[in-house]
Amino acid sequence: MPNMSLSKIPMPEQDPNIRNRNFSEVTLGYTAEMAQEEATRCLNCKHKPCVDGCPVNVRIPEFIQKVVDGDFEEAYQIILSTNCLPAVCGRVCPQENQCEAKCVRAIKGESVAIGRLERFVADYHMQNSVSLVEKPVSNGHKVAVIGSGPAGLSCAGDLSGRGYEVTIFEAFHKAGGVLVYGIPEFRLPKAIVQKEIDNLKAQGVEVMTNMVIGKILSIEELFEMGYESVFISSGAGLPSFMNIPGESLIGVYSANEFLTRSNLMKAFDNQYDTPIRNSKRVAVIGGGNVAMDAARTAKRLGAEDVYIVYRRSEHEMPARLEEVHHAKDEGIIFKNLCSPTMIAGNDDGQVCSIELVEMELGEPDESGRRRPIVKIGSENRLEVDTVVMAIGTSPNPLIRSTTKGLETNKRGCFVVDEKMATSIPGVYAGGDAVTGAATVILAMGAGKIAAESIDEYIKSRYTNG
Amino acid sequence: MFTIVKKRVLNEAVTLMEVHAPFIARKAKAGQFIIFRVDEFGERVPLTIADYDREKGTVTIIFQAVGKSTKLLAQKVEGDDILDFVGPLGKATDLDGYKRACVVGGGVGCAIAYPSAKALHDLGAQVDVIAGFRNKDIVILEDEMKAISDNLFIATDDGSYGQKGFVTDVLRSRIEGGANYDLVIAIGPVIMMKMIALLTREYNIKTIVSLNPIMIDGTGMCGGCRVTVGGQTRFACVDGPDFDGHLVDFDELMKRNTFYRKQEQEDSNHICRLNLKENEDA
Numbered sequence: 516m517p518n519m520s521l522s523k524i525p526m527p528e529q530d531p532n533i534r535n536r537n538f539s540e541v542t543l544g545y546t547a548e549m550a551q552e553e554a555t556r557c558l559n560c561k562h563k564p565c566v567d568g569c570p571v572n573v574r575i576p577e578f579i580q581k582v583v584d585g586d587f588e589e590a591y592q593i594i595l596s597t598n599c600l601p602a603v604c605g606r607v608c609p610q611e612n613q614c615e616a617k618c619v620r621a622i623k624g625e626s627v628a629i630g631r632l633e634r635f636v637a638d639y640h641m642q643n644s645v646s647l648v649e650k651p652v653s654n655g656h657k658v659a660v661i662g663s664g665p666a667g668l669s670c671a672g673d674l675s676g677r678g679y680e681v682t683i684f685e686a687f688h689k690a691g692g693v694l695v696y697g698i699p700e701f702r703l704p705k706a707i708v709q710k711e712i713d714n715l716k717a718q719g720v721e722v723m724t725n726m727v728i729g730k731i732l733s734i735e736e737l738f739e740m741g742y743e744s745v746f747i748s749s750g751a752g753l754p755s756f757m758n759i760p761g762e763s764l765i766g767v768y769s770a771n772e773f774l775t776r777s778n779l780m781k782a783f784d785n786q787y788d789t790p791i792r793n794s795k796r797v798a799v800i801g802g803g804n805v806a807m808d809a810a811r812t813a814k815r816l817g818a819e820d821v822y823i824v825y826r827r828s829e830h831e832m833p834a835r836l837e838e839v840h841h842a843k844d845e846g847i848i849f850k851n852l853c854s855p856t857m858i859a860g861n862d863d864g865q866v867c868s869i870e871l872v873e874m875e876l877g878e879p880d881e882s883g884r885r886r887p888i889v890k891i892g893s894e895n896r897l898e899v900d901t902v903v904m905a906i907g908t909s910p911n912p913l914i915r916s917t918t919k920g921l922e923t924n925k926r927g928c929f930v931v932d933e934k935m936a937t938s939i940p941g942v943y944a945g946g947d948a949v950t951g952a953a954t955v956i957l958a959m960g961a962g963k964i965a966a967e968s969i970d971e972y973i974k975s976r977y978t979n980g
Numbered sequence: 028m029f030t031i032v033k034k035r036v037l038n039e040a041v042t043l044m045e046v047h048a049p050f051i052a053r054k055a056k057a058g059q060f061i062i063f064r065v066d067e068f069g070e071r072v073p074l075t076i077a078d079y080d081r082e083k084g085t086v087t088i089i090f091q092a093v094g095k096s097t098k099l100l101a102q103k104v105e106g107d108d109i110l111d112f113v114g115p116l117g118k119a120t121d122l123d124g125y126k127r128a129c130v131v132g133g134g135v136g137c138a139i140a141y142p143s144a145k146a147l148h149d150l151g152a153q154v155d156v157i158a159g160f161r162n163k164d165i166v167i168l169e170d171e172m173k174a175i176s177d178n179l180f181i182a183t184d185d186g187s188y189g190q191k192g193f194v195t196d197v198l199r200s201r202i203e204g205g206a207n208y209d210l211v212i213a214i215g216p217v218i219m220m221k222m223i224a225l226l227t228r229e230y231n232i233k234t235i236v237s238l239n240p241i242m243i244d245g246t247g248m249c250g251g252c253r254v255t256v257g258g259q260t261r262f263a264c265v266d267g268p269d270f271d272g273h274l275v276d277f278d279e280l281m282k283r284n285t286f287y288r289k290q291e292q293e294d295s296n297h298i299c300r301l302n303l304k305e306n307e308d309a
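First to last, the protein sequences are chains G and H.
If you use the numbering used here, the first sequence corresponds to residues 516 to 980, in order.
If you use the numbering used here, the second sequence corresponds to residues 28 to 309, in order.
It cannot be assumed that every hint is accurate.
[To be verified] Cβ-to-Cβ under 8 Å is the rule here; a few derived chain G residues that face chain H: (1) 686; (2) 769; (3) 789; (4) 913.
No lab work stands behind these hints: they were computed from the structure.
Beta carbons are placed, not taken as given, at the ideal position from N, Cα and C, and that holds for glycine.
Chain G on its own, in the form it takes in the complex:
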């Protein structure tokens, strides 16, 4: 008999007023008892709507039944069969729009806590399993993957599982892409990302860091080196600014820079030499997950007042609801329906305030969200010493500009077909480099599809030729 409780078992978390002073993980995860109890809420539906809601089709009811049985390792293996980064996805997937949105239990009450269960199972495996990763027998074919973010890792993992010799080329000194430079430690501990990457390496994937493809090697040269196919997952790295006066003042950051200094370069840790501004009052511009991450990071770095400045209302915010709640609990102040018009500085070129106008919502625009319109006479000023622009990114131009015949769209994203194939035979692309800024799990889904296509492509060359 299923557990008919209408709500999820809550997940323990650090107290907001303690956690906003440290970088340890906010949420603490289920205990085995909690996980087993939550798992009994799953109805094990025959038509499995949750699985369709997952971009990598994790066999959700099957793994949850194993949790009910207490066979956590088997549950892990079921998740792993379609998702090579369970501990990551259990933490950062927007489950509320995916699997959990389709859950039958969500019709009346809360969905099953699929994400929390996935996280529990993955963490259990990391803590308790000693099983060695098996290195598949090589099929002798080499594939190059550009970028070690979620798309690249999932593509590399799947191809390596099929026997391909995969090399990942990473531009930074550390693998993980947005999982290490973008998402903060308190949401996704870097030790977990490192373990997932170590598993891929144990499986035979080679990771070469400090390799900026497009500069040190071209796509063409990768083929000359014997790679038979290339997957481009170079992410959406180029930060956007608002083009308002004052963006060059000292104290204005792109969210990319601010988060990279803290996450990848560990500015929060005194052992590291990375400098970051010692801010007291911070305005973060934007309403997405990146904006929440930047605001919560600023608070943890010691800022007293941290504002989210967003031009629409909370209802339109692209950030996950959970992240908005976490930010509010931690004391982040939301200034919704506000938009900056200029940043003012002092004689030394240091930020001292930001000028805002209030907005009201008009008719929906092409994105379906109501268009913000400036309220006349609503100008006001916010005294801040730091401004972080978290208003989006566009794809990095380095590969596009150095590869002839690689088709891109107006926004600079690679154009691919449903198999993730680009305009160059043997070259595939996926993740934010194709879609523009999106989610970890969508990028992973694209990596999986590309792996399948690359496998087909290489096999076809040998059967036809």
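Dock chain H against chain G, hints included.
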């Protein structure tokens, strides 16, 4: 790992290193840069490529020990490794089609200007080099610059070597004397580049400057290196590091370069204390 195969101390603050980095050596061109990280705790620091040897697979860097990372790097010896070394980044300097070039270097900027002077020389242009230093003791690369230039002019602030005065004085007298340059390349302290650009604007001579703002990734990702050029925001790492000297907002760049001055001073005090302690122990 990137092994230091050769080290040469050029003056008390400036060091030359040849680093084994065969992939970068294969692709490097004049004007491009690398980013190094000295150890796990170090910053990512950009340095312009001073030279390269495609056959030996080495890249030469010349740097002034000013911050913590460059000081730690300067302490390394031949055979040591540098943890991270990435490049070649940025666009190469466009040097085609010039007949009479003047390359102006200030201090350690001479090391950054040298590859462009050499490349122009190899392309058959007539190359004058004007190298400025504070005094005789810190003159670097004199033989190297002499070898690839038609005329080498050294200026020192105190007159202890070469001509007394600033590089701008030398450049003005060359131009007034009918040198008829069709290109000036100026690399050195921001204030020097600004003054050179102001001077060459009077004579309408095309002027390339190489900017070295604060950056992290060097691939267009962080946006920290943004500079205003001709009223537009450009990223030095991917759009530069070379820009038209007549269009760069040098004042803004000088301000932005002080972003972390306070923290750097604290770091620098920290190193001094360490050295002091070592000395006391010894």
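Outcome of the hint check:
no. : hint : result
1   : 686  : 5 Å, holds
2   : 769  : 4 Å, holds
3   : 789  : 6 Å, holds
4   : 913  : 6 Å, holds
Checked against the numbered hints above, the structure breaks none of them.
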